[in-house]
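As given, the protein sequences belong to chains A and B, one line each in that order.
With my numbering applied, the first sequence corresponds to residues 160 to 599, in that order.
With my numbering applied, the second sequence corresponds to residues 160 to 599, in that order.
By construction, these hints were calculated from the structure, which means they are not laboratory data.
Among the hints, erroneous ones may be present.
Copies of the same chain look alike in the list, so a pair counts if it fits in one copy or across any two.
In silico lysine to aspartate or glutamate, EDC-like type, Cα no more than 20 Å apart, as pairs [said to hold, decoys possible]: (1) 371 with 182; (2) 370 with 400; (3) 176 with 373; (4) 370 with 182; (5) 293 with 350.
Each chain is listed here by its residues.
There are 2 protein chains.
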Amino acid sequence: LEEKKYIQLRELFIEAKAADLAELIEEVAEEHPNNTTIIFRLLPKDLAADVFSYLSPTQKRNIVDTLHENQLRNIVEELNFDDKIDFLEEMPANVVKRILKRVTDDERKLINQFLNYPEFSAGSLMTIEYVSLKKEMTVAEALQHIRMNGIDKETIYTCYVLNETRKLEGIISLRKLILADDHLKVAEIMDVDVISTTTLDDQEEVADLFKKYDLMSLPVVDREDRLVGIITIDDIVDVIEQENTEDFEKMAALLPSEEEYMNTGIFLLARRRIVWLLVLMISATFTENIIGRFEDVLSAVVILAAAIPMLMDTAGNAGNQTSTLIIRGIALGEIELDDYLKVLWKEFRISVLVGIMLASVNFVRMLLVSNASLAIAITVSLTLALTVIMAKLFGGMLPIIAKRMKLDPAIMAGPLITTIVDAMALVVYFNIAGMILGLY
Amino acid sequence: LEEKKYIQLRELFIEAKAADLAELIEEVAEEHPNNTTIIFRLLPKDLAADVFSYLSPTQKRNIVDTLHENQLRNIVEELNFDDKIDFLEEMPANVVKRILKRVTDDERKLINQFLNYPEFSAGSLMTIEYVSLKKEMTVAEALQHIRMNGIDKETIYTCYVLNETRKLEGIISLRKLILADDHLKVAEIMDVDVISTTTLDDQEEVADLFKKYDLMSLPVVDREDRLVGIITIDDIVDVIEQENTEDFEKMAALLPSEEEYMNTGIFLLARRRIVWLLVLMISATFTENIIGRFEDVLSAVVILAAAIPMLMDTAGNAGNQTSTLIIRGIALGEIELDDYLKVLWKEFRISVLVGIMLASVNFVRMLLVSNASLAIAITVSLTLALTVIMAKLFGGMLPIIAKRMKLDPAIMAGPLITTIVDAMALVVYFNIAGMILGLY
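So here's chain A without its partners, still in its complex pose (with noise of 0.2 Å):
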């Protein structure tokens, strides 16, 4: 098929979608990498933009580097403004230069402006391709505007009010405008409480605008309320990905980034791993203090030992369902942190429940299947009651007090739990059994 039939190719590659060329791309690039630059060659300027808005930035930084300076700039302007400055963002400072040589004084500015708002902020998601009409327009000047308009913006299917000063009086979607009557004016049925956001707001703020109010597309005003963006949520759907990620990998004790796994070099994947790691390796000696603290009690019997691994790994697991949904359900929204008493407490009664389950199915294996002695089994049965419920409000409260203390609720996850949730059970355990049994 790559034997040269390059009109073929061409037309089949005009009829396809940007999504699956950008993908075929990507899968050429693993065995031929060469043959890319053709591929891409192939493509009418306006395909060729849209496919390239869709790859990664690994192979947009290789095809940059095979193109002539025309080809590039030919792509370049034909790609959505937010596209663009993406696209800014991710190449290396020498393209960029390259780039904004070839465009106006008043574009560079802009381009400028767009790229020193902070990542992870609703200006470094907005793109400046709105359509903005005026108060006094009727219905059928609205539409034609839109008409004469529309065709380089990135929806018209909300319109922006605007007054001479570039203040947001309203909104309109172009559903209303179809189907009012042609002679009504803009300002009789545009919406006026508009939900807006500022371009400094977190991501994940927006995000949670746009979940709220089901909304397509979200202005983006300064701090006089004059309109300098707007969000739309195509892009929203990355972030929430985005966000979930982070989150994922904040509760596996990774520090956060936003490269793919299969682009990323082991340096710098191991440098996400090692950090927490050490933190929690260090953090985890405190149970060799413990340990030895209790030497004595060990080596007077020592198959108490063999039931240190289990009672760790169980209580962790409590631990971390348990904050696992309360993180999750800050996330979402859905719990507040006025309720830690109301989860507390019910937490309280569901670890009784559980600890009690799981104690006695121990107690029963340890009796008749491991032919543990009866003190033996009750001190390994007790305190896995004991540690499930402390792990399960340790879990239930510390990803309530990091938000409260306005940290992210999800370092609050599983692998620190597990180390301070297994000190304790650690000290409930030879406590336990120095009193069962008789040690002390």
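Following the hints, position chain B against chain A.
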């Protein structure tokens, strides 16, 4: 504010957003459950239906119980078709009967058909309120048709071109229609290469299509390619969060559930937790046997027990990091099943790096801070490095194996990997201890 000033309140409400009113009702419900119905009755019926669709299932049930037959019917009539189906699915059977008694035969048939689509399928997400066009219409006729019929449609921004047998021939966006010349035929400008799904497809696959192609809506067709409904992006945002929650829960050894934490009883919550805790607890007794088998090693050098918790925690964390990255990579489509050798090789190199660093820090710490003997420090550090490597290889492999066996990779997360890795860590530990300390 709640003191009989109903007229002023009503005016306030009419200007508010439905999502905010729903939030208000949920809050009022916590303190004055009786007031919720009063608020709700103050709303005009289209707003009431809108607010209603934002409420939690519990709150919907409460309000339904207090409404008169007629009021209930008014609300149900105003609901969007997909919200109506969701509502009926959430209500107890007697309410559903009450409602179905009042609708026409045709509608009841349709509702029953929709209620029969399996949960989490494309069919359960779709709505029938779309705009259909014919391909011989001109752009002007199509726009006129949209103006006449668009008012009660879920979206008018994508229209569906059907033939006489309701077969889907193409789609066309309102944007294209607005920007096109009036005299063009729909057939000339419609998009014939339509991405669609079928009623029984899983909602996760549907969400992936939306993400991949940046869709706003997606047609659902039957086996004969006839259009049966459409799915819109606002429902997909909820699906994405739901699928992520499910993964979080599975990864924390919880049985997934759709109910909100605060509204779920403790018995149900306990049941979701006990299953995996029991399975994992019983698997962990495997470690008991291992320690039992090495009891002579342990009683010779009791202090060996002191390092067990640290070794197990670190191995568990290391495995957890990797499995989380791989599970997430698979879920987002960044890691393919064919990549398993690359993943293994990558994880091997990373784990060697990370393992050596952790072991070195631990070695120095044990010698300098804990005053351990050289032999013990070597035993523990060597075990640490080896178990970190094993943990990361297992963490990388198990999710991919699960996916190949058509299981959800998310179950191969922290808890399960910790249990497996703990057992391995102990075997390695005692064997190394036996060799280095010359106990055999």
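Structure-based check of all given hints:
1. In this assembly of identical chains, the alpha carbons of residue 371 and residue 182 lie at most 20 Å apart only when taken from different copies (10 Å versus 33 Å within one copy).
2. Proximity of residue 370 and residue 400 under a CA criterion of 20 Å is satisfied in both settings, with 13 Å inside one chain copy and 10 Å between copies.
3. In this homomeric assembly, residue 176 and residue 373 come within 20 Å of each other (Cα to Cα) only across copies, at 11 Å, whereas the closest approach inside a single copy is 27 Å.
4. For the homomeric pair residue 370 and residue 182, the shortest alpha-carbon distance between copies (13 Å) is at most 20 Å, but the shortest distance inside one copy (29 Å) is not.
5. For the identical chains of this complex, residue 293 and residue 350 are intra-copy neighbours only, at 13 Å inside a copy versus 33 Å across copies, given an alpha-carbon limit of 20 Å.
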